[in-house]
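Let's have the full structure, built from the sequences with the hints guiding it.
The listed protein sequences correspond, in order, to chains A and B. Counting the first sequence from 1 gives a position; the working numbering is that position plus 627. Counting the second sequence from 1 gives a position; the working numbering is that position plus 55.
Hints are computed from structural coordinates only; laboratory data are not their basis. Careful: at least some of the hints might be erroneous.
Said to hold, decoys possible - DSBU-like mimics (lysine-lysine), calculated; alpha carbons at most 35 Å apart, straight line:
1) B/K205 with B/K323
2) B/K157 with B/K261
3) B/K323 with B/K308
4) B/K156 with B/K205
5) B/K216 with B/K205
6) B/K205 with A/K851
7) B/K216 with B/K261
8) A/K851 with B/K309
9) B/K323 with B/K309
10) A/K851 with B/K261
11) B/K216 with B/K156
12) B/K205 with B/K261
13) B/K309 with B/K216
14) B/K156 with A/K851
15) B/K157 with A/K851
16) B/K216 with A/K851
17) B/K216 with B/K157
18) B/K308 with B/K261
19) B/K205 with B/K157
20) B/K216 with B/K308
21) B/K323 with A/K851
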Amino acid sequence: MPLDIAIAQFRPSKGDLDATLDHCAEAILRAIGQESRPRLVVFPETALTGYFLEGGVREQAIAAQDLFEALNARVGGDADGLDIAIGFYERDERGIYNSALYATLGPGGGILHVHRKVFLATYGVFQEERFVEAGAGIRAFDGPPGRIALLICEDGFHSVSGTLAARDGASIILILSASPARGAAPGAGVPGNLVRWDALASAIATEHGVFVVVSQLVGFEGGKGFAGGSAAYDPRGHRLLAGPLWEEALLPVRVDLGEAARARTEEPLFSDLERSWTRLLVNSPGSGVRRPAPEDE
Amino acid sequence: MTGAWPPPGVAVARAPDPADASPLDIDTDLVRTWLVQFLREEIERRRGFRRVVVGLSGGVDSALTAALCAEALGPEAVLALLLPYRTSSPWSREHARLVAKKFGIPTRTIDITRAVDGYLEEFEPEADGHRRGNVAARQRMIVLFDQAFKLSALPVGTGNKAERLLGYYTWHADDSPPVNPLGDLFKSQVWALARAVGVPAEVVDKPATADLIQGQTDEEDLGVTYPEADLILHHLISGHGPDDLVEAGFERKKVELVAGRLESTHWKRHLPTVAMLSPTAIGEWYLRPVDY
Numbered sequence: 628m629p630l631d632i633a634i635a636q637f638r639p640s641k642g643d644l645d646a647t648l649d650h651c652a653e654a655i656l657r658a659i660g661q662e663s664r665p666r667l668v669v670f671p672e673t674a675l676t677g678y679f680l681e682g683g684v685r686e687q688a689i690a691a692q693d694l695f696e697a698l699n700a701r702v703g704g705d706a707d708g709l710d711i712a713i714g715f716y717e718r719d720e721r722g723i724y725n726s727a728l729y730a731t732l733g734p735g736g737g738i739l740h741v742h743r744k745v746f747l748a749t750y751g752v753f754q755e756e757r758f759v760e761a762g763a764g765i766r767a768f769d770g771p772p773g774r775i776a777l778l779i780c781e782d783g784f785h786s787v788s789g790t791l792a793a794r795d796g797a798s799i800i801l802i803l804s805a806s807p808a809r810g811a812a813p814g815a816g817v818p819g820n821l822v823r824w825d826a827l828a829s830a831i832a833t834e835h836g837v838f839v840v841v842s843q844l845v846g847f848e849g850g851k852g853f854a855g856g857s858a859a860y861d862p863r864g865h866r867l868l869a870g871p872l873w874e875e876a877l878l879p880v881r882v883d884l885g886e887a888a889r890a891r892t893e894e895p896l897f898s899d900l901e902r903s904w905t906r907l908l909v910n911s912p913g914s915g916v917r918r919p920a921p922e923d924e
Numbered sequence: 056m057t058g059a060w061p062p063p064g065v066a067v068a069r070a071p072d073p074a075d076a077s078p079l080d081i082d083t084d085l086v087r088t089w090l091v092q093f094l095r096e097e098i099e100r101r102r103g104f105r106r107v108v109v110g111l112s113g114g115v116d117s118a119l120t121a122a123l124c125a126e127a128l129g130p131e132a133v134l135a136l137l138l139p140y141r142t143s144s145p146w147s148r149e150h151a152r153l154v155a156k157k158f159g160i161p162t163r164t165i166d167i168t169r170a171v172d173g174y175l176e177e178f179e180p181e182a183d184g185h186r187r188g189n190v191a192a193r194q195r196m197i198v199l200f201d202q203a204f205k206l207s208a209l210p211v212g213t214g215n216k217a218e219r220l221l222g223y224y225t226w227h228a229d230d231s232p233p234v235n236p237l238g239d240l241f242k243s244q245v246w247a248l249a250r251a252v253g254v255p256a257e258v259v260d261k262p263a264t265a266d267l268i269q270g271q272t273d274e275e276d277l278g279v280t281y282p283e284a285d286l287i288l289h290h291l292i293s294g295h296g297p298d299d300l301v302e303a304g305f306e307r308k309k310v311e312l313v314a315g316r317l318e319s320t321h322w323k324r325h326l327p328t329v330a331m332l333s334p335t336a337i338g339e340w341y342l343r344p345v346d347y
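Below, the structure is given as structure tokens:
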């Protein structure tokens with residue numbers, strides 16, 4: 628069963644929630660007005676506010692339910708039944724998180740999952756641990772299109788994230804990213820961080836036999852440029868599309884989630900991992916399991 | 056550009072080597088687009104300005120900055136200010152005019168001699184060339200910011216990464232404008248991009264000079280060429296120590312000279328030091344980004 632997705636490569640109005648919510652709604656309505664109406668629209672990390680807020684997360688973070696209601700109120704009945712994944716700074720009673728919401732819009736819909744970024748980037752230009760709390764885990768969930776997992780930016784830099792998502796049954800991983808452009812060496816024609824993303828996302832797809840969608844933020848924030856360059860990969864690691872640089876775009880991509888099972892059969896890396904996973908964990912340093920001394924083996 | 060990326064694997068880590076300047080190679084098409092987008096977004100979208108003013112000295116940094124601004128905003132949205140002092144080289148003015156003509160940028164010439172000498176000649180006639188250079192640089196910023204205010208325009212800075220790392224500029228003068236497209240490009244990268252953008256060869260190929268003192272060139276002043284300094288700086292700020300570079304074949308005297316300037320000018324790359332008294336000290340505890 629084909630699944631039509633629109634990647635919303637998106638530029639927020641930084642620090643202006645109302646304007647950005649309006650702009651999100653415009654993107655959603657534009658997406659559903661396309662010839663192939665998508666089932667799912669995927670926005671980037673921190674699409675609602677911009678990424679570099681520092682202490683401004685205190686003013687800009689909102690509850691997942693409030694985000695869901697604000698979007699529903701703006702898109703009206705035309706978007707009923709449409710799924711969205713969108714990055715935002717989330718506030719709850721325990722703290723502030725860099726989160727991704729997955730929801731089905733409309734009165735029959737609701738919030739299906741909120742993923743909180745686990746691996747908070749805190750090096751170089753990044754300061755996330757200073758301003759937000761880390762998420763506790765990575766899991767997949769059943770969405771209308773199939774079993775899905777969400778990751779946020781650096782989550783995807785750790786191969787264990789893809790592994791956890793795939794082991795929890797995901798056949799498609801949505802990575803919401805805000806990746807500041809850096810590196811201008813000749814050869815690729817794109818900033819170096821996108822070259823790295825290309826390799827990472829393709830590797831996640833190939834190793835686990837899953838579709839991977841990477842939705843990238845666009846725009847400059849205090850000299851740091853989010854270049855766009857969103858992309859999608861099939862379960863064999865082939866790039867299905869590459870978004871433009873420096874501009875917003877709605878990027879349609881059609882996937883057949885059944886292809887994930889076929890790819891895993893063809894190259895059973897995932898079942899190899901499944902078979903070995905528990906044994907590897909038990910026999911690895913730090914597992915807490917006392918291994919026999921060499922002379923006992 | 057759907058499906059247009061080449062395969063990954065183009066970035067290669069290299070050990071320091073004085074004969075290998077390739078770590079400084081840039082994709083000039085990519086950087087040109089990157090900086091044009093930067094200027095559009097930071098000037099128009101983030102700050103709401105439609106016009107800019109650039110001090111056009113006749114050198115390559117300001118020529119490239121003006122050219123990028125013209126590409127980003129349209130040449131009519133750029134005012135190039137020629138701000139000569141009585142000791143400025145006539146070639147500087149000639150080259151500035153050449154650049155403005157090439158990119159279709161309007162110019163205005165404001166001679167700063169009387170303003171500078173009004174202070175120096177009356178109160179500080181004994182001031183040496185270094186002090187005179189600083190006064191001229193700061194006077195240029197007074198004019199640049201005032202003209203920007205008059206025109207509801209934004210001043211755009213022109214300093215490059217090598218100058219910034221070497222501290223080779225007048226503090227709170229050249230580094231004052233709120234937006235700077237070249238500040239993360241070494242001088243040799245500025246040259247490469249300037250050639251790609253079409254800055255006239257006379258401007259790109261001439262010896263770099265701050266033109267603050269007659270006959271002065273940057274490289275004589277610094278005691279190291281820009282290509283040498285750029286490469287040493289690149290490796291130093293990438294985590295290699297001076298001894299690593301000497302061991303790799305870099306000339307000790309030049310490494311120490313560059314490292315010395317780098318290490319002694321960190322203060323110059325920061326805002327003034329403020330005494331922190333509270334847990335809401337601005338920039339220490341109360342943190343909001345520049346574009347928030």
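Here is what the structure says about each hint:
1. B/K205 with B/K323: 29 Å, holds
2. B/K157 with B/K261: 17 Å, holds
3. B/K323 with B/K308: 23 Å, holds
4. B/K156 with B/K205: 24 Å, holds
5. B/K216 with B/K205: 30 Å, holds
6. B/K205 with A/K851: 29 Å, holds
7. B/K216 with B/K261: At roughly 19 Å apart (the allowed maximum being 35 Å), B/K261 and B/K216 satisfy the hint.
8. A/K851 with B/K309: 32 Å, holds
9. B/K323 with B/K309: 21 Å, holds
10. A/K851 with B/K261: 32 Å, holds
11. B/K216 with B/K156: Answer holds: B/K216 to B/K156 is near 27 Å, not above 35 Å.
12. B/K205 with B/K261: 34 Å, holds
13. B/K309 with B/K216: This hinted pair holds, its Cα atoms lying about 18 Å apart.
14. B/K156 with A/K851: 32 Å, holds
15. B/K157 with A/K851: At roughly 30 Å apart (the allowed maximum being 35 Å), A/K851 and B/K157 satisfy the hint.
16. B/K216 with A/K851: At roughly 16 Å apart (the allowed maximum being 35 Å), A/K851 and B/K216 satisfy the hint.
17. B/K216 with B/K157: 25 Å, holds
18. B/K308 with B/K261: This hinted pair holds, its Cα atoms lying about 25 Å apart.
19. B/K205 with B/K157: 26 Å, holds
20. B/K216 with B/K308: Holds, at about 21 Å.
21. B/K323 with A/K851: 21 Å, holds
In the structure shown, no violation is registered for any of the earlier numbered hints.
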